[in-house]
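Protein chains in written order, with my numbering: chain A, 351 to 735; chain B, 351 to 735.
To be clear, the hints were calculated from the coordinates, so they are not data collected in a lab.
Where hints are given, some of them may not hold.
Some, not all, of what chain A presents toward chain B, calculated at C-beta under 10 Å [said to hold, decoys possible]:
hint : residue
1    : Gln416
2    : Leu435
3    : Gly442
4    : Thr462
5    : Thr467
6    : Val533
7    : Leu626
8    : Lys631
9    : Tyr641
10   : Gln645
11   : Pro669
12   : Ser690
Here a beta-carbon is modelled for each residue, glycine too, at the ideal position from N, C-alpha and C.
Protein chains: 2
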Amino acid sequence: MEVKAPESLKKPLNIPQKTLMGPGPSNASPRVMYAVGQNVLGHMHSEVFQAMDEIKEGLRYVFQTQNDLTLAISASGHAGMEAVLSNLVEPGERVLIAINGIWGIRAADMATRYVHTVTAIAGDNFTLTLLESTIEKVRPKLLFIVQGESSAGVYQPIEGLGNICHRYNCLLAVDTVASLGSVPFLADKWGVDAVYSGSQKVLGCPPGLAPISFSPRAQKVIFERKTKVPVFYWDMTELGQQWNCFNNIRPYHHTTCSNLIFGLREGLALIVEEGLENVEKRHKLCALRLYEGLQRLGLRPFVEDIHKRLPTVTSITIPEDVDWRQVIAYAMKNYNLEISGGLGPTAGKVWRIGLMGYNATPDKVDLVLKVLKEALQEAKTGSKL
Amino acid sequence: MEVKAPESLKKPLNIPQKTLMGPGPSNASPRVMYAVGQNVLGHMHSEVFQAMDEIKEGLRYVFQTQNDLTLAISASGHAGMEAVLSNLVEPGERVLIAINGIWGIRAADMATRYVHTVTAIAGDNFTLTLLESTIEKVRPKLLFIVQGESSAGVYQPIEGLGNICHRYNCLLAVDTVASLGSVPFLADKWGVDAVYSGSQKVLGCPPGLAPISFSPRAQKVIFERKTKVPVFYWDMTELGQQWNCFNNIRPYHHTTCSNLIFGLREGLALIVEEGLENVEKRHKLCALRLYEGLQRLGLRPFVEDIHKRLPTVTSITIPEDVDWRQVIAYAMKNYNLEISGGLGPTAGKVWRIGLMGYNATPDKVDLVLKVLKEALQEAKTGSKL
């Protein structure tokens, strides 16, 4: 053999226990991880098909929709974003992206790969009036907007937007990666045509699956495309068959990962058992508990208006006299606890604390506050780690 | 809530133990599954970066390459196929696909989404002479060929093809999803420009990661594209950065799944410990043991020439007097053992028995032969299951 066996792979692997309180992934519950760690099953086995059917039902519940075309794509949240864009628009059509942080920027990057005309509006929190006047001007085929902008911790209301979009023959696509399960999301009632999320946030699973759902209106658009869906792996006409959304054939499209599927099934089962309203309430109460604690520590949420804050990700303005990296390093070194810095537009400006799924509990809030307090004292006294 | 919580998710989950001896996924080793089932870590954590670095080294070993651009895509083997096609060709260029079964058909479907001119040649095992004359006629930018065609169990030699391709300024892309680790694959020596595989076959991991590697020649083609890589999720200029293949920045591209990454790290570590030559030898010996056993049972391998057989997937011609479905059902019902039918062109014509990774052992060969013998007796006596 010309290329020798690498020495690095002869050493044992060590996976530390950490408490993930950044913007995600979050820790998964032991029940989810038990399912993930079981033996692999084939992608065409009846047990896997049953779990896929149950996932569809669970996703219709968390998205609050009756959409037939509801499933989980075998990849991370970005796959959901790209599946929405690649399935719903064709070359020559116009896309409007409401950019309130890094995810809108990402969507704009992706959209330029599928259409020529991508118009973006930037803001921190969009009013329906602004969105309507922009739609009227741009006349896009699709409006893309993020409900929970985790780079800044901003919550964007969606209610009322579906009607506006449909009045202009525009489809409404919503990113709920960081928000789903923590705030109400009513796909059917709000007229949402495409929505996706990630498995590793409130749903409490490892990353690797992207729940997604398309309205009948969006489904029709996909089936009436003039051109093939440009990406085989995101082609909803094929994925919808594999997930048995249309009829009763389940042809082979790609090899799904039974371990992640069983994990997501369990993550959804936990939400069903607790009740979606209770899950949302728990996230809200934990966020309030965090805000109070931050106030006691003299820290200010980056998003001043409490109604604009996302309960899952709280961004905190970094005080001028503190080295933000030192706080993050203190928490990891002493508690194996993850607190994150900003991302994209908020890099260097904020810390971000995640309260999602399994980690959205009062004791985790208290833990992160205790660690923050200690870390700030260390950072302010200028002690070296 | 308008959409009620589904009853199906209130029931407990049961994941049966099965022996997967179809064409994949195969059972993963307990060591791999231990790693997969550990707690989730963040995609930017140092332990995950270290595992990614170790995976790169392990993949260079199993692909036998020094390629910088070597990594694992966060999706199944089909993602590797689509990444190769979407990165290496641009609209207006020509692709040549050597179709020897379903994977070539798939690649042709995918390729039509990226270029207008896709030429296919069909056969069961291609000679270098035929491939060269076709390349000379078609003058493609890229030749796509499958080393291990698992739908029929055919092995396609690759050695010598790189030189031919490069003489015509053509890139050589090879699918090794079903073959890698079971037969020699020498990417650099053979002049392969793009190669990919799947995690769930000989590498002995759950599905969900697609190892991939591009030669310097292919890397140059990607970086000198006139148009952006059409798919964000497969964009090797970005994935190569996230996997630290080019420089020392590791920007966020998408959320990788630490569990699958640690699993693949362990799968590769097992191959390193055993030695790649020994792994290949084990697969070969197990296949020979299977052929001998089949002969004792009066069964004929579908691929008559032993040199054309793929050791990982043995296709068996179904005798005329046997209901193939009954044999498969018997094995699953009585032994929780998976034997598969054909796929695509071989559907209804063959059974397929997989010997890969953790399941490529003499005792598994003997088990599958014992089960086949019983199942055939049952099927021939016409007993109902």
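Going down the list of hints, with the structure as the test:
1. Gln416: holds (7 Å)
2. Leu435: holds (9 Å)
3. Gly442: violated (14 Å)
4. Thr462: holds (7 Å)
5. Thr467: Not OK, violated: Thr467/A not within 10 Å of chain B, min 15 Å.
6. Val533: violated (14 Å)
7. Leu626: holds (6 Å)
8. Lys631: violated (13 Å)
9. Tyr641: The hint is violated - Tyr641/A has no Cβ within 10 Å of chain B, the shortest such distance being about 24 Å.
10. Gln645: violated (28 Å)
11. Pro669: This hint is violated: Pro669/A lies away from chain B, its Cβ roughly 24 Å from the closest one there, beyond 10 Å.
12. Ser690: holds (8 Å)
Checked against the numbered hints listed earlier, the structure breaks hints 3, 5, 6, 8, 9, 10 and 11; every other hint is satisfied.
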